[in-house]
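First residue of the sequence shown? That's 1 in my numbering, and the numbers climb one at a time after it.
Derived from the structure by calculation, the hints contain no laboratory data. Nothing here was measured: the structure is a model prediction, and the numbers come from that model. Some hints here could point you the wrong way.
As the list claims (entries may be wrong) - Computed list of lysine-lysine pairs in DSSO-like fashion (alpha-carbon distance at most 30 Å, straight line): (1) 111 <-> 51; (2) 49 <-> 118; (3) 132 <-> 108.
Stated by the list, open to error - Okay, the calculated beta carbon distance ranges per label pair: (4) 62 <-> 29: 30 to 36 Å; (5) 138 <-> 28: 38 to 44 Å; (6) 28 <-> 117: 35 to 41 Å; (7) 120 <-> 38: 31 to 37 Å; (8) 96 <-> 27: 33 to 39 Å; (9) 44 <-> 120: 33 to 39 Å; (10) 60 <-> 95: 17 to 23 Å; (11) 28 <-> 139: 39 to 45 Å; (12) 29 <-> 96: 15 to 21 Å; (13) 99 <-> 35: 26 to 32 Å; (14) 27 <-> 140: 43 to 49 Å; (15) 32 <-> 70: 25 to 31 Å; (16) 44 <-> 136: 33 to 39 Å; (17) 37 <-> 120: 30 to 36 Å.
Don't be surprised by glycine CBs; every beta carbon is placed ideally from N, CA and C.
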Amino acid sequence: MIKSLLIAFAFALMLINPSISIAAESPVNVQEVFVGSETMDGDSLKYPKGKAEIRLQRVELDKGGIVPLHSHPIPLLGNVEKGTIIVKREGMEDITYTAGDSFIVGPKTPKHTMGNDKTENAIVWFAAIGAKDVPILIPAEG
1 MIKSLLIAFA FALMLINPSI SIAAESPVNV QEVFVGSETM DGDSLKYPKG KAEIRLQRVE
61 LDKGGIVPLH SHPIPLLGNV EKGTIIVKRE GMEDITYTAG DSFIVGPKTP KHTMGNDKTE
121 NAIVWFAAIG AKDVPILIPA EG
């Protein structure tokens, strides 16, 4: 009972101050993987107005798979779990992300595609904090 209370207290302290780590013998291991306040293009994050909504999506792309040209009305945090993806933005250099890489896209990120032409399959997780009824992805017209 006391050990459980100590673990709960340590976790609460860590939430208040992330630099505090949990004792080595603890069965809980929290690792901060990524922190960002700007998109891959250097734009500051801004959230839409409305009722807040959190979403988590897993996208799996077979070799040759591509998400067609699109944009995002809300910021998304992406994390490549497996494989390699290439983000192709209109009028800009391509960006390659591999397993373990994290990145942010947002409303000012130019229209882009995301594809896998390097590995058998790629898995990317996307987390979004937006507003209810605001889509995560808007297909490009034309």
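Status of each hint after checking the structure:
1. 111 <-> 51: Holds. Residue 111 to residue 51 sits at ~26 Å (cutoff 30 Å).
2. 49 <-> 118: 38 Å, violated
3. 132 <-> 108: 20 Å, holds
4. 62 <-> 29: 30 to 36 Å: 33 Å Cβ-Cβ, so the 30 to 36 Å window holds.
5. 138 <-> 28: 38 to 44 Å: 39 Å, holds
6. 28 <-> 117: 35 to 41 Å: 39 Å, holds
7. 120 <-> 38: 31 to 37 Å: Between residue 120 and residue 38, where Cβ atoms are some 32 Å apart, the hint holds.
8. 96 <-> 27: 33 to 39 Å: Since the Cβ atoms of residue 96 and residue 27 sit about 37 Å apart, the hinted range of 33 to 39 Å holds.
9. 44 <-> 120: 33 to 39 Å: 37 Å, holds
10. 60 <-> 95: 17 to 23 Å: 20 Å, holds
11. 28 <-> 139: 39 to 45 Å: Holds, since residue 28 and residue 139 (Cβ atoms, about 41 Å apart) stay within the stated range.
12. 29 <-> 96: 15 to 21 Å: Check failed, 30 Å falls outside 15 to 21 Å.
13. 99 <-> 35: 26 to 32 Å: 19 Å, violated
14. 27 <-> 140: 43 to 49 Å: 47 Å, holds
15. 32 <-> 70: 25 to 31 Å: Given about 29 Å between the Cβ atoms, the range holds.
16. 44 <-> 136: 33 to 39 Å: 19 Å, violated
17. 37 <-> 120: 30 to 36 Å: Once the Cβ atoms are compared, 34 Å apart, the range 30 to 36 Å for residue 120 and residue 37 holds.
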